[in-house]
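Can you make the complete structure from the sequences, with help from the hints?
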Amino acid sequence: MPFDLAENFISAAEELLGATFPAFYRTSMLMSNGGELEIDDDVWQQYPIADTSDRRRLSRTANHIIKETNHLRTWPGFPKEAVAIAGNDGGDQLVLLKEGTTFRQEIYIWAHETGELKKIANNFPR
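All residue numbers for the sequence shown refer to this note's numbering, where the first residue is 937 and numbers rise by one.
There may be inaccurate statements among the hints.
To be verified - Below, a list of computed lysine-lysine pairs in the DSSO-like style, where the Cα atoms sit at most 30 Å apart:
no.: 1; residue 1: K1055; residue 2: K1016
no.: 2; residue 1: K1034; residue 2: K1016
no.: 3; residue 1: K1003; residue 2: K1034
Keep in mind the hints are simulated off the structure, nothing from the lab.
Structure (structure tokens):
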């Protein structure tokens, strides 16, 4: 079950990534740090943003976006400008792409078998 998230943890993740998240993503994470998304006829498990405010939250955010993104950067074809925000059971990833000092608003699927990027949404579905 996802928790809400304090703004300072989002800012810390942005600092580590060297870019700010789009407004829709920040708002979504403030209300629900993690959980499931249904996009493009698939169910995606969102990677939470690391929350070190207490032991329970630390445990529930152990697979945070920085850790997952750093792991995925070791995979062939993972875009160096991408941050992974969710994964499906097949290994594909939902990513945001970095442009300068911000992440673009559009959500892409990165297909792990082909390395293909495909735009699938302008933001999270409501």
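Evaluated hints:
1. Straight-line distance between C-alpha atoms of K1055 and K1016 comes to about 17 Å, which keeps the hinted pair within the 30 Å bound.
2. At roughly 9 Å between alpha-carbon atoms, K1034 and K1016 fall within 30 Å of each other, so this suggested pair holds.
3. Distance check on the hinted pair: K1003 and K1034 sit about 17 Å apart at the alpha-carbon level, within 30 Å; holds.
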